[in-house]
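As you go down the protein sequences, you meet chains V and E in turn.
Quick note on numbering: the first sequence equals residues 2 to 348 in my numbering.
Quick note on numbering: the second sequence equals residues 11 to 333 in my numbering.
Treat the hints as calculated values from the structure; they're not laboratory data.
Do not take every clue at face value.
As the list claims (entries may be wrong) - Below 27 Å or equal to it, Euclidean Cα-Cα: the simulated BS3-like pairs (lysine-lysine) are:
| no. | chain 1 | residue 1 | chain 2 | residue 2 |
| --- | --- | --- | --- | --- |
| 1 | V | Lys287 | V | Lys180 |
| 2 | V | Lys133 | E | Lys160 |
| 3 | E | Lys160 | V | Lys208 |
| 4 | V | Lys238 | V | Lys133 |
Claimed, not checked - Coverage of chain V stretches by chain E, computed from C-beta distances (three or more under 8 Å per stretch; other residues unrestricted):
| no. | segment |
| --- | --- |
| 5 | 104-114 |
| 6 | 149-160 |
| 7 | 178-189 |
Ideal Cβ positions, reconstructed from N, Cα and C, are used throughout, including at glycine.
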Amino acid sequence: MKILSYAFAAGLAVASMATPAAAAEITGAGATFPFPVYAKWAEAYKKETNNSLNYQSIGSSGGIRQIRAKTVDFGATDAPLKGEELQKDGFVQFPTVMGGVVPVINIQGVETRQLKLTGEVLADIFNGKISKWSDAKIAGLNQGVKLPDATITPVYRSDGSGTTSVFTTYLSQVSESWKSGPGVGASVQWPVGQGGKGNEGVAALVKQVPNSIGYVEYAYAKQNNIPYAQLQNKNGKFVAPDDKTFQAAAANADWKSAPGFGISLTNQAGDEAWPITAPTFILVPKNPEKPEQVAEVLKFFDWVFNKGDQMAVELDYVPLPAALKQQIRDTWKAEIKGKDGQPLLRS
Amino acid sequence: MVALTQDLVMTRTDTVRRSSKPTADRLFRLASLSSALLVLMVLAGIVASMIYGGLPAFQEFGFGFITSTAWDVNRDQYGAWVAIVGTLSSASIALIIGVPISLGIAIFLTQLCPAWLKRPVATTIELLAAVPSIIYGMWGLFVFAPLFAKFVQIPTSQLVEGIPFFGTVLYSRVPSGVGVLTAGIILAIMIIPFIASITRDILDQIPTILRESAYGIGCTTWEVVRHVLMPQAGVSIIGAVMLGLGRALGETMAVTFVIGNANRLSASIFDPGSTIASRIANEFNEALGLQLNALMALGCILFLVTFTVLVIARILIARVQTH
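The shape of chain E in the complex, shown without the other chains (with noise of 0.2 Å):
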């Protein structure tokens, strides 16, 4: 059957090339080979263009610039280590809430939502995607910020004040609301959107006699979610985590705003710290000499940390997929 198929279909492609114009095909083969040359080019500029700016920062502090904690301007001292941590930190942050989140609402969606309610939830949740990142970061200073010092912030400083390491990782100095877990939150919120949706195609298209004779054998919802749904959806979703990490890695506005913007290391997360992207976005405008190579440099660095993501994410989705 498939094979009969497969032939249809070749001999179909056959005739439609035979009766089309070569010069056409030609042309519409080297249209689509130079836009995909051209965003090579371009990334390849951009990654040229960001190394030859950064390399004074490297060639002046090597390798001690990714370890050093400072950042200075006025004595033209730098270091990279505050926002790489910051950078990590506040993404692990937003997907330790908003993986779960995200599943949650594609499984909600496609498995156990009354069909009057699926389109509502749908549509809302991509909306949520199209809310400029502006918007969220203005949010979060103004309403989010002041809500979670007084109903999360201080209560939990409160509760935790002395224990070991609670007390130091959940402990607020300064209850301002602003924050890394602040930044996490935001960021989790930004992201969620894109792995829900994602999801919820990967889920829908799972063939349907899988879950039904899964159904069938009398396995409950979560068995069926569990051992069916998953194991088959698990590498894409993978894959659609690794783009909301993406995302969450880089955003720069909205954190920009609720980080609290302070070149320190800190052990709680409810202190302030800055991530490689609000760094750039704060500094930029006004910096000149060695902080612009810096900066640069920071960027470099920036766009190492997201490639790495992206090869860890394909070495686990090959691993996955020869299981």
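Chain V on its own, in the form it takes in the complex (with noise of 0.2 Å):
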């Protein structure tokens, strides 16, 4: 008699606990480009407001689907929906950070920034139109640099990927022959060359494989010191991929021309413009079954542009602008609505 006493104050105790310390649990899937750096806010927003969120890093499709499913609040997806899918769906979709691709190469004698490349003989390369470094094409755009009368051997990504699509966009921009070709996808037919599993697999390819050249995000090259090369931009110039130049890219880039600002960031025009840069996106749903997770998402993010910029730009990602923060902030008061018809983001 007395343990069971005991058992039922000890569960009113741990009643009496639960209830308070519910704070608000968010869940989301989707892209892993972002996963770090959604990793990173998760954490800091934890410890200010104790509301967590549970990112799953499944790849964009499984985020798409995950949402459509609606097993989770919200969905992240690097290769944007376009305006008629976000319609069918009912999907808000918005970007949150922005990042580069920059081919990292691995040519005895040859330091990082100092090969330069445009995006028509990037896609020749890969193409294997282009087989060897000495190749005229290559030699024109570098005089002075000392290039070896080797096979290149290409890195691709093996898993479907937000990068490989990035990437393959902005080869399908530059080159004809590439769009009619591979063309544009998470994973494409590549003609030429050896495929690493993730940005590890690749970045450990192109340190192994003398000559080879490959492709991976910015933050990865420059965390791991792989030398990569400069890039001609639609306005001519040559550019090293950095946070300026990925922002330069960003700059004059109109958000408004695509619904849920699908736009895509490779071939910006602009003298600083990193040509393949690349926003990612979150979709969350118009008319929420569950709103009041959605306005915690929408909190979290608003919290996010508020706050989130520096902890961004520390992994090498790069922030949005601030005029476009406001027009997304303006996007969900317009758009996501909850039951009653008011917005969910209040403030």
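Got two chains here, each in a separate frame; can you build the complex from them with the hints?
In structure tokens:
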């Protein structure tokens, strides 16, 4: 009897403790590219508000599938959904952060930022049309750089990836033969080269194979000290990837030109613009079944827009311009409504 | 003598049955039956959902799905041939390398090994079986592949260049260290502990009297192994090898890291390729529509291949048993 009453008391205590500690927990799934910064934001957000974010980096297509099935509160994707798809699914789409993709190289005696390439030459290398580093087209761009008469090994991502999608989008914009050949996608049919799994797989192969060239996210190349090349942008200037050139790519972009801010930042005009820049996106339902959860999602990203820039920069991501953040907040207020028809985010 | 023991056993079980409650017995029978049925149901469920998922791809491409070498997501053209060839060739390489070594280990441990060395060697081999496959993949890519490129691929390629046949099969245009052969070697390391430890158990179970009599009539160790142990253990060893083959065919993570992941058929075993499992591991995350169906269809084919291997193993065992 005594034991029973103890148990009852303990049960009460647990119940009373549980109620006030019931902080909001939001779940999201999707793109792997922004995962490090989402994780960092979530950690800081939890410290400050006690609300937690559970983000699963299962890949962009997975994120889209999950939000369509309503198993998560938000989906995340690197490749934006098109206007009609957003309409059909009833989603609001907005960007959160930007990053860049850079060509990484392993050529004996060639240092980082020393090699210069144009988009067309890059496409021809990955197409197998240019097969030697000594090719006249490369040599013409790199007078004074000693390039070996060796076969180029292109290295690509073997797993379906937003990085590949961004990279092939760029190649299609600058090369007709790429557009009509392998095309754009999370995984395409590569005519030549070798595939590595994930950024780390590509980086390992590029490091191991002499005279190879691959592509990885900028943060990955920088943090691992992998030599990368300069690229010629739309204005004909050669630029090296860094936060300034990524921001320059975003500066001239017309975000309102596509529904859900779904523009591509590849091959943007601007003297300073890095040509392979890309934003990553979030999807939330317009008229959610669980409005309180979506309100928490919006609160989280509102907090991110206010306080998350420094954390993003530390991880070599590029924060959105202030004007764009305001546009996104306006969109939330205008489009995401609760069951009562009132905007979910009121502040 | 034997009959007597059997009688004894019979009476004993009879007494046990009578003394126990019939309901408990029935419950026990039901519980074990449903455990067995559950496995069958899960298996049937997996097969059914894979066939359901893969059906659109089979309908779209028909038999051509198996023989086509295309894998072009943008044009929605899919074929399994490259992956099937990659799966079979990497698994075959694994067996060619792994089986002799496994048998050597088992014979050494049971026949030749001094007692003090037996336990450390056996434990090490069992530990190998416990290493997660992602570790083998990482190790293969970051440690093994660079060494393999430097000390095997490049010298071999230089040696065989221009020689007919070998100049093709063993020539690597890109000595990156990854490729079908590397995958086969990593797979061999992964299946050795399985085959070796099962074979060791089998050899241990052969009655000592057989071995002793062979030694007694003056056989050498080799003759004992060749003419006494191997014929006795042969069937079971085939079973052990087939278990290893099953693992090699389906291994995913380790292979994905070291096979090079190219959708191309190549005559050289140094060149990159892909297997069914690695293709699925690479693309499933980001697959939509027909691509997803094609991956499911690949899964069906892998299932079929593994099933065929098991059936062949059964037939082999049955044939050996009747002789």
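Results for each hint:
1. Distance hint between V/Lys287 and V/Lys180 is unfulfilled; the C-alpha atoms sit about 34 Å from each other, more than 27 Å.
2. A hinted pair counts as satisfied when its Cα atoms are at most 27 Å apart, and V/Lys133 with E/Lys160 qualifies at roughly 21 Å.
3. Our distance criterion of 27 Å between C-alpha atoms is met by E/Lys160 and V/Lys208, whose separation comes to about 14 Å.
4. For the proposed pair V/Lys238 and V/Lys133, the alpha carbon gap of about 24 Å is at most 27 Å, so the pair holds.
5. Against chain E, the segment 104-114 of chain V contributes 0 residues with a C-beta closer than 8 Å to a partner C-beta. That does not satisfy the three-residue criterion, and the hint is violated.
6. Requiring three or more residues with a Cβ within less than 8 Å of a Cβ of chain E, the coverage given for the segment 149-160 of chain V holds, as 4 such residues are present.
7. Only residues whose C-beta sits within less than 8 Å of a C-beta in chain E count toward coverage, and the segment 178-189 of chain V has 7 of them, enough to reach three; the restraint holds.
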